[in-house]
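**Student:** With the hints as your guide, set chain B onto chain A.
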Amino acid sequence: MKWNVFQIEEYPGSLWQDWQTIVDKAHCGNPMLEKSFVKLLVEFYGQDIYVARAMKGEQLTALTLLEKHKRVIWRGFKPSQCQIALYVTLESQDQNLSGLVKAIPGSCLKLDLYAIDPLEQSPLLESIPASGRSEFATNIQTRFNGSFDEYWLQRPKKLRQNISRYDKRVSREVGTPEFHIVTDPEAICDATDRYGMLESQGWKGKNLTALHPGNLQGQFYRNLMLAYAKKNEAAVFEFYLDNMLVASRLTIFSDRMMIALKTTYDETYKKHAIGRLLLHKVIEHLFQKKYTQVIDFYTNATKEQLEWATEQRTMYNGSIFGNSGIAMMVFSLAKIKGWIFNRLRNTRNDG
Amino acid sequence: MTVEKLGIEQLLTRVKELDKSPIFLRPSWFQQFEKHIVPASQSPFYLSMNGEGEQNTFLALMEETTKGRFGYQTHYLHSLTNYYSPYFDLGGIQGVNTYCYQNLVSQSRQMLTLYDQVNLLPLTRQQAMAWRDAFAAIGFSGEVYEHSSNWYHDDIENVEHYWSLRPSRLRNTLKRKRDKMKKEGGYDISIVNPSNISELRSYLADYHNVYFDSWKKTEPTPGFIDSVAEDAWLRGELRLGLVYHEKVPVAAQIWFVAHGKAYIFKLAHRKTYTEHSVGTVLTAFLFEHVIGEDGVTYVDFLTGDDDYKKDWMNHCRPLYGVQLCNTKTTVGLSMSLANTVSRFGKQVLSAVSKKA
Numbered sequence: 001m002k003w004n005v006f007q008i009e010e011y012p013g014s015l016w017q018d019w020q021t022i023v024d025k026a027h028c029g030n031p032m033l034e035k036s037f038v039k040l041l042v043e044f045y046g047q048d049i050y051v052a053r054a055m056k057g058e059q060l061t062a063l064t065l066l067e068k069h070k071r072v073i074w075r076g077f078k079p080s081q082c083q084i085a086l087y088v089t090l091e092s093q094d095q096n097l098s099g100l101v102k103a104i105p106g107s108c109l110k111l112d113l114y115a116i117d118p119l120e121q122s123p124l125l126e127s128i129p130a131s132g133r134s135e136f137a138t139n140i141q142t143r144f145n146g147s148f149d150e151y152w153l154q155r156p157k158k159l160r161q162n163i164s165r166y167d168k169r170v171s172r173e174v175g176t177p178e179f180h181i182v183t184d185p186e187a188i189c190d191a192t193d194r195y196g197m198l199e200s201q202g203w204k205g206k207n208l209t210a211l212h213p214g215n216l217q218g219q220f221y222r223n224l225m226l227a228y229a230k231k232n233e234a235a236v237f238e239f240y241l242d243n244m245l246v247a248s249r250l251t252i253f254s255d256r257m258m259i260a261l262k263t264t265y266d267e268t269y270k271k272h273a274i275g276r277l278l279l280h281k282v283i284e285h286l287f288q289k290k291y292t293q294v295i296d297f298y299t300n301a302t303k304e305q306l307e308w309a310t311e312q313r314t315m316y317n318g319s320i321f322g323n324s325g326i327a328m329m330v331f332s333l334a335k336i337k338g339w340i341f342n343r344l345r346n347t348r349n350d351g
Numbered sequence: 352m353t354v355e356k357l358g359i360e361q362l363l364t365r366v367k368e369l370d371k372s373p374i375f376l377r378p379s380w381f382q383q384f385e386k387h388i389v390p391a392s393q394s395p396f397y398l399s400m401n402g403e404g405e406q407n408t409f410l411a412l413m414e415e416t417t418k419g420r421f422g423y424q425t426h427y428l429h430s431l432t433n434y435y436s437p438y439f440d441l442g443g444i445q446g447v448n449t450y451c452y453q454n455l456v457s458q459s460r461q462m463l464t465l466y467d468q469v470n471l472l473p474l475t476r477q478q479a480m481a482w483r484d485a486f487a488a489i490g491f492s493g494e495v496y497e498h499s500s501n502w503y504h505d506d507i508e509n510v511e512h513y514w515s516l517r518p519s520r521l522r523n524t525l526k527r528k529r530d531k532m533k534k535e536g537g538y539d540i541s542i543v544n545p546s547n548i549s550e551l552r553s554y555l556a557d558y559h560n561v562y563f564d565s566w567k568k569t570e571p572t573p574g575f576i577d578s579v580a581e582d583a584w585l586r587g588e589l590r591l592g593l594v595y596h597e598k599v600p601v602a603a604q605i606w607f608v609a610h611g612k613a614y615i616f617k618l619a620h621r622k623t624y625t626e627h628s629v630g631t632v633l634t635a636f637l638f639e640h641v642i643g644e645d646g647v648t649y650v651d652f653l654t655g656d657d658d659y660k661k662d663w664m665n666h667c668r669p670l671y672g673v674q675l676c677n678t679k680t681t682v683g684l685s686m687s688l689a690n691t692v693s694r695f696g697k698q699v700l701s702a703v704s705k706k707a
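Sequences listed follow chains A and B, in order. Numbering (my numbering) for the first sequence: 1 to 351. Numbering (my numbering) for the second sequence: 352 to 707.
Any given hint might turn out to be false.
[Unchecked claim] Straight-line distance between alpha carbons at most 30 Å, and here's what the computed BS3-like set of lysine-lysine pairs gives: (1) B:Lys356 - A:Lys204; (2) B:Lys622 - A:Lys35; (3) B:Lys528 - B:Lys418; (4) B:Lys568 - A:Lys39; (5) B:Lys567 - A:Lys262; (6) A:Lys270 - B:Lys386; (7) B:Lys661 - B:Lys526; (8) A:Lys230 - B:Lys598; (9) B:Lys617 - A:Lys204.
Keep in mind that the hints were calculated from the coordinates and are not lab data.
Looking at chain A on its own, in the form it has when it is part of the complex (with noise of 0.2 Å):
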């Protein structure tokens, strides 16, 4: 595999058609690497991308998105609405990594990637030395095979008795709450704002983290969902108390996959558990439909939330380190001198 690094501008040939082949090729049905998803993501969020390509003689091999960081640092473009590292490749061997980051432009003395999916990228990942991996998040799947009656019998004592009683209090405090699958692409960007305007009422609201209609984050998911939505691959899920929107979740999904991309609630109906009742429906609809196989939460998951999962997995980050040595002195000094900072720190807040 040979890397070349290209601005995204002066890409040569078509990027989105290439991204697309490779996916189809080797991440079909993964909707967060579609070239949709990807192509958005650069739109809204990108500034300075680069593309590293991999080529084996004439043939593409794997692409990727990359950023600089800082003066000798690179990274992986990755915004915080993609959970996954931007990088697709057909090649199930050896990533070549030494020779990507040669190839960036200028001197890089360490790239790093985040996210890194082993269901979906396991070759980048064992391309990666062990010394330059670590644990990102724990993720979780609930896989519908068999019934929902299995499955959830499956699922541990507490979390059927908890969901059991809150399903109870709903009903007998605020009434039962309606549901709703938005999937029409005429109505799914009216249902993402509202999932916006819901989100941004909670505590996501006021830490700036929350997307609305007003905002980038919310303009980036209604165009996502309408992208999708014109496939018949994307779908918002919501429960209505009063005809009021209470609790609601954005999806996409292939028929391999469906990502759970946002889940929000009314903080007013906390003591309900309104949130973890529409996880509880949007299962039980999905083991009834079996539109897709799989639903991936592409999350950092909780104790609550591996209660619900039926499969797990660790994502990782990696660093590639450039020139080795020099790399491993500069960045071992650059531990040093953290590792002293925050001795006298905590010295100064002791005293």
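**Tutor:** Chain B alone, transformed into the frame defined by chain A:
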């Protein structure tokens, strides 16, 4: 007479929302402000004062402590305001006067003197001076500074009267643009009248989509806009104007109307529709509605000295902030001295430049 430090929940139960309170000084405004805007580093509270048999009045504040490079701490008290706030004053009372400020400050002396600096804004000049004098009595030195401007129109008799006072340039532009929109067709302009909150949110989403595509900077906390708009809608005070072209929202404005006054809170149009002046046409539509239908005699463009405002309004007044430094604390005194030196420096520079 007693002064108490309250949280928002206590305030909401103690202070009745006076019908005639300006929207921006009501407990419900501050409740939304706390919910959406106040950062974790700042703690809001309300100084509530009540006399026998009198309505509670309150001052909405937030405290903040910062740590300097050499470890010293500075204790600030700020008005519970930011760029969304067109006014600041005592809440829960009609006819605030200098005596009210003096009373509140003297009654809260013990608490207020714990702070090194108190910052209040936006204020009229009269208010800023009154706060400065009230705080001077408890050992604070005050610096009044210009903060922003407020365009408004008062004494409006009716729609014809209002238009008769506008420059002919504006009237001609409006006629031309209205005719053009009519000729092109596909435009729909209205002040929406949602029947439920979900419908309102859908219109608000249209507003936000327009706003995002306008020339304006993205709102950091759009949820605040939604909350105050919903609150105003529940009280019948919201006027949400929208222009659609081929069913796509292209201009949107949020106005509030209360007690004979209209407040222009938010306005935006899509960049691609600038040459069609859809915003101007919508502003005119809303003016005619609030004067003709709601019977307002006063329209307020709130803060900001944008050039286009002068065509619609007949008065502009500067808005001020006041920085009050506690001369009884070391940090406060040093801040006060810094202000004095800065003021002196500016005076010298001004004198030199005049001579030159």
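**Student:** Which hint numbers does the structure go against, in order from smallest to largest?
**Tutor:** Checked against the structure, the only hint that fails is number 3, while the rest are satisfied.
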